[in-house]
Amino acid sequence: MIPISNFSIRTFCGGYDKNFCYLITCSHTGYQILIDAPIDQKTIRPFFTDAPLAILITHSHHDHIHHIDQYQNLYPDLIILGHQDSPVFKKYNFKPLKDKSTIKIGNLHIQSLYTPGHYFDSVCFKLDPVLFTGDTLFVGRTGRVLSRKSSLKNLYKSVYAIILKLPPHTRIFPGHNYGKENTITLEENIKISPLLQAKSFNDFKLKMEFYESSRIKS
Amino acid sequence: MKWLNLFIFLMFFLNGCSSNENDCNDCGGGLIDGYLYKEITIDDVSDLAEMNISSEIGNCIRFKMVESQFSDVEVVDDCCCIQFN
Chain R
1 MIPISNFSIR
11 TFCGGYDKNF
21 CYLITCSHTG
31 YQILIDAPID
41 QKTIRPFFTD
51 APLAILITHS
61 HHDHIHHIDQ
71 YQNLYPDLII
81 LGHQDSPVFK
91 KYNFKPLKDK
101 STIKIGNLHI
111 QSLYTPGHYF
121 DSVCFKLDPV
131 LFTGDTLFVG
141 RTGRVLSRKS
151 SLKNLYKSVY
161 AIILKLPPHT
171 RIFPGHNYGK
181 ENTITLEENI
191 KISPLLQAKS
201 FNDFKLKMEF
211 YESSRIKS
Chain Z
219 MKWLNLFIFL
229 MFFLNGCSSN
239 ENDCNDCGGG
249 LIDGYLYKEI
259 TIDDVSDLAE
269 MNISSEIGNC
279 IRFKMVESQF
289 SDVEVVDDCC
299 CIQFN
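Quick note, the sequences are listed as chains R and Z, same order.
Under our numbering, the residue at position 110 of the first sequence is numbered 110, and the numbers go up by one with no gaps.
With positions in the second sequence counted from 1, the corresponding number in our numbering is that position plus 218.
Keep in mind the hints are simulated off the structure, nothing from the lab.
Mixed in with the good hints, there may be bad ones.
[Stated by the list, open to error] Straight-line distance between alpha carbons at most 25 Å, and here's what the computed BS3-like set of lysine-lysine pairs gives:
hint	chain 1	residue 1	chain 2	residue 2
1	R	Lys165	R	Lys153
2	Z	Lys282	R	Lys91
3	R	Lys98	Z	Lys282
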């Protein structure tokens, strides 16, 4: 568990593909929220001090929302927060988010940043000095653009015009355990990630093509 | 003298706490009450105008969301200490 001044983060790894699920606890009020629902409630429930207040969804790919039903059934008042265009959440106690909305939970103030690209409804959640990046940014690389509703151009804009404009000491907590470490600061991530060193969109596109071709070879 | 020192220490400590509280927690209800906050952007202006809410880009609003539409909007002084980058 990582204590960061007025909140703590407990990390769980599992689900379909080394997914991360984060349990955030407000140190002052004890309120708890989850980032994504990729992991069975049985694993996480022992760490709830009370009913969690909300699940913040980084995007609607199945591996990130697979267990929402479980949590919603267990905690009917649980609020599901995700991008306002996400169609799959309507059946839940869903609260749609616009870009740069602030979610106030106890003494925590979490800001949603709309970061489409990996998927059309991708959202990052900023809880200074931390950023939960979902599949938009991992340790060592950006997300990929494999879905019908993915967009390389949007991914470039989201990463370069939004995320990399945040303070360099911002620590990212990604949606999967794909890197050498679970978490990293933006400045360290830039140093180890060719996809974060592009000079332009065309350069980013070339770097992504190179990355994808390297994956096929390996 | 010992009591005086203790009194001064406690006053300093308590003042420090209360000023911290005031800095960030005066913006009203939170998620438990159904409220969110945001800085008004150009995308929000027309929606807010339809609701007869006079607003300026950069101001902060407290609101509820009902099916992707603003509801219960109120212009507030700050956005709960969030620094917009």
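Structure-based check of all given hints:
Annotation: proposed proximity of Lys165(R) to Lys153(R) holds, straight-line Cα distance about 17 Å (limit 25 Å). Simply put, Lys282(Z) and Lys91(R) have alpha-carbon atoms about 18 Å apart, close enough for the 25 Å limit, and the pair holds. Our distance criterion of 25 Å between C-alpha atoms is met by Lys98(R) and Lys282(Z), whose separation comes to about 11 Å.
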